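Enquirer: Chains A and R supply the protein sequences, listed in that same order. Here the working numbering is used: position 75 in the first sequence is 75, and no number is missing along the way. Here the working numbering is used: position 194 in the second sequence is 194, and no number is missing along the way.
Just so you know, the hints here were simulated from the structure itself, not pulled from any lab data. Just so we're clear, the structure is a prediction, and the values are computed from it rather than from any experiment. All residues carry an ideal CB built from backbone N, CA and C; glycine is no exception. Wrong hints could be hidden among the right ones.
Stated by the list, open to error - For lysine-lysine, the following DSS-like pairs were computed, each having C-alpha atoms within a straight-line distance of at most 27 Å: (1) R:302 x R:389; (2) A:203 x R:73; (3) R:175 x R:416; (4) R:389 x R:263; (5) R:389 x R:321; (6) R:203 x A:302; (7) A:245 x A:203; (8) R:73 x R:156; (9) R:100 x R:416; (10) A:203 x R:288; (11) R:203 x A:288; (12) R:263 x R:156.
Stated by the list, open to error - Examples of chain A residues lying across from chain R (beta carbon under 8 Å, computed): (13) 84; (14) 133; (15) 134; (16) 162; (17) 190; (18) 191; (19) 220; (20) 236; (21) 251; (22) 357.
Chain residues, written in single-letter form:
There are 2 protein chains.
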Amino acid sequence: MAEQSLPVADHSASADESTSSGPGISRRALLGTAGATGLVLGAAGGAVGYAAAPAAATPLTSVGSTEVMFHVKHQPGITEGLQARGHLVAFDLTPGAGRKEAAALLRRWSETARRLMAGEPSGSDDTDVARDAGPSSLTVTFGFGHSFFSRTGLEKQRPVALDPLPDFSSDQLDKARSDGDLWVQIGANDALVAFHALRAIQKDAGSAARVRWQMNGFNRTPGATDRPMTARNLMGQLDGTRNPKPSEPDFDERIFVPASGSKDPAWMANGSYAVVRRIRMLLDDWEKLSLGAQEAVIGRRKANGAALSGGTEATAMDLEKTDAQGDLVVPINAHARITRPDQNGGAAMLRRPFSFHDGIDADGVPDAGLLFVCWQADPLRGFVPVQRKLDRGDALSQFIRHESSGLFAVPGGAAKGEYVGQRLLEG
Amino acid sequence: MAEQSLPVADHSASADESTSSGPGISRRALLGTAGATGLVLGAAGGAVGYAAAPAAATPLTSVGSTEVMFHVKHQPGITEGLQARGHLVAFDLTPGAGRKEAAALLRRWSETARRLMAGEPSGSDDTDVARDAGPSSLTVTFGFGHSFFSRTGLEKQRPVALDPLPDFSSDQLDKARSDGDLWVQIGANDALVAFHALRAIQKDAGSAARVRWQMNGFNRTPGATDRPMTARNLMGQLDGTRNPKPSEPDFDERIFVPASGSKDPAWMANGSYAVVRRIRMLLDDWEKLSLGAQEAVIGRRKANGAALSGGTEATAMDLEKTDAQGDLVVPINAHARITRPDQNGGAAMLRRPFSFHDGIDADGVPDAGLLFVCWQADPLRGFVPVQRKLDRGDALSQFIRHESSGLFAVPGGAAKGEYVGQRLLEG
Chain A
1 MAEQSLPVAD HSASADESTS SGPGISRRAL LGTAGATGLV LGAAGGAVGY AAAPAAATPL
61 TSVGSTEVMF HVKHQPGITE GLQARGHLVA FDLTPGAGRK EAAALLRRWS ETARRLMAGE
121 PSGSDDTDVA RDAGPSSLTV TFGFGHSFFS RTGLEKQRPV ALDPLPDFSS DQLDKARSDG
181 DLWVQIGAND ALVAFHALRA IQKDAGSAAR VRWQMNGFNR TPGATDRPMT ARNLMGQLDG
241 TRNPKPSEPD FDERIFVPAS GSKDPAWMAN GSYAVVRRIR MLLDDWEKLS LGAQEAVIGR
301 RKANGAALSG GTEATAMDLE KTDAQGDLVV PINAHARITR PDQNGGAAML RRPFSFHDGI
361 DADGVPDAGL LFVCWQADPL RGFVPVQRKL DRGDALSQFI RHESSGLFAV PGGAAKGEYV
421 GQRLLEG
Chain R
1 MAEQSLPVAD HSASADESTS SGPGISRRAL LGTAGATGLV LGAAGGAVGY AAAPAAATPL
61 TSVGSTEVMF HVKHQPGITE GLQARGHLVA FDLTPGAGRK EAAALLRRWS ETARRLMAGE
121 PSGSDDTDVA RDAGPSSLTV TFGFGHSFFS RTGLEKQRPV ALDPLPDFSS DQLDKARSDG
181 DLWVQIGAND ALVAFHALRA IQKDAGSAAR VRWQMNGFNR TPGATDRPMT ARNLMGQLDG
241 TRNPKPSEPD FDERIFVPAS GSKDPAWMAN GSYAVVRRIR MLLDDWEKLS LGAQEAVIGR
301 RKANGAALSG GTEATAMDLE KTDAQGDLVV PINAHARITR PDQNGGAAML RRPFSFHDGI
361 DADGVPDAGL LFVCWQADPL RGFVPVQRKL DRGDALSQFI RHESSGLFAV PGGAAKGEYV
421 GQRLLEG
């Protein structure tokens, strides 16, 4: 991924910049290097796009000041680090709304996303909920579901990759919380910034689309841990140890549709496919297991993510290693054994989830788990083969339940002056 | 509040301390000055109480490293700054459980709270969800509801202040989400740290108590804004402008039961009373108002919190000021006029809320608003008179709905070797 841009800039006021005042334009060096698609223009320090707060005594940190760029090769919200707060929301076009209304909606949404990600108000009717805060790494990502194309007369543009996922025997899917014509992923390191964006996106929908389902999630707050990469989930497991890394040479090929020469329709150039699953964790059952039993289910040490065959989190798993009794050290049905990319024809997906916790159910057990979001160039080579294998014999399966499912085509990032999906809707 | 302690210490690794390793004990200067009740003993830097994370590259910031002390004069979670994530949970004692079981439960809970607030595992069955993270300003606060005292044969120890709140005409209370024998407030600047504590507290309940209701909330992430004090709520309003400040001479008197000489039972020395209301915001209606109409409802400028009579957020409201037409500049039914302490016999409460957002209702509108938590030495002089006045003529009332209510007696902090409520349960 030599050409992968790192479309993130840090707006925090450094010593030589914090003295500038007002909405002055300052050019900052990007954190990325080669392939960056543009420089960020933004206000110096403080609450970007708003009048300065009175008597400001607490400086913005990078938590608030980091801005992710909207106009980039790949849509934001795919390769950026996990954010502390997220919203997933699906919309259905309203009866009577078609291609024209969808195009106008995506134009509105793109402009709102661009403004909010830059820390600006959404418009004259901004709700002020994000006022005073920096962009806080806000990302807004747009996708199209299978049903979108028939609603808009665009069946011929529907990617084959959007064909419905196969049924898995362990699925207990709630259709009302699955699928949808349109999908929006919102993430930010501040919960009010994320909520503000959610309301603006919802208001933009106007009479063209209505919310089908909506979910809230979270990850660690930046600075709460010194672990550099891998997050923990609500089972206490390190989650994402084997995620492909943008530094790997085949990263782009695995995660993104190429700019040309693929079997995908041309409008999907530089896009990706998102599989979204609400995975409930059966925490009362899970937490009754001993540490050793939990580690056998996963195949890794809970403390540090190392495979049971030894080493550290980064050490390759020894699939053949046996103990004194001749048993495999990493059990044959261990979750991490089954999901290893080199056991799945090299298939890889980029998992970028949020945890969720929606209160308690009737038994007092948290309705909690993982909003699993994974990204791949081709779901039939990413999510599907792995899930098929998990479906047949994953030791973890008795502690989780897939409760909803979505599959969305996420086009490439919009060029300046363009909106997301324009090449589909005006192609 | 000359004797008010500031029971917060910062564990972030400073240059001269970050080289110490292992669970070494280091004594840090407290941020507070006079009246501090003790020094924090804690591990230096890193993930307190856990093995060091491998290849740590990202340092903990104060977001993660800040520890709030458990053994203090007043329970934690009252005067500390707003936290990014919060859980409110009420428990009822199970049939057959009485004073003895309650005492054992509070002992377990206090020990768990002390350990988790120090960044240690809850015990040998720790779920590992907070592993690698610092204490992240975790606070755990315990209270007793009206029904607790009859369940445990302790009616004679029930404070008069726990008498049920009067009915307000605007209430639409869900009894299943109101009241409760026991109440626990959990707050932290990291969502997984907060969830981890919630599960540990729930597990401690064992067979002695079951969850009655549970709510999740949030506030801004530290560093997302440079506004020093006042938070915004989901209506976009600055919320808490007139909160009493610990630096004010009558702060303790208004918020805390005195150590002696009050009409409260002796076990409530240094305690406080919490009123908890789930206040739904009718955001679709609110957001339809113009900015000017919203400001008239509140009586303050949305941008900066200044009263409509002029000045800044800190300027006293001019209640008599009229415009050219002779109309009051701050309308007679403006929310901020009605709630002003000097209009309510000096009554004051310390509002320390969380916002909430529990997905969408059937109309696609967010089920969102404020988990209002306010603290006072006497609810009949704090919450009740203000709410009575609001009930009669608050312009804000048509945009909010009180959906649940609780009133809890929160005893003083536990001394070392003591558990919270011990003076009640073993008195």
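Enquirer: Any of the earlier hints contradicted here, and which numbers?
Expert: 2, 3, 7, 16 and 21
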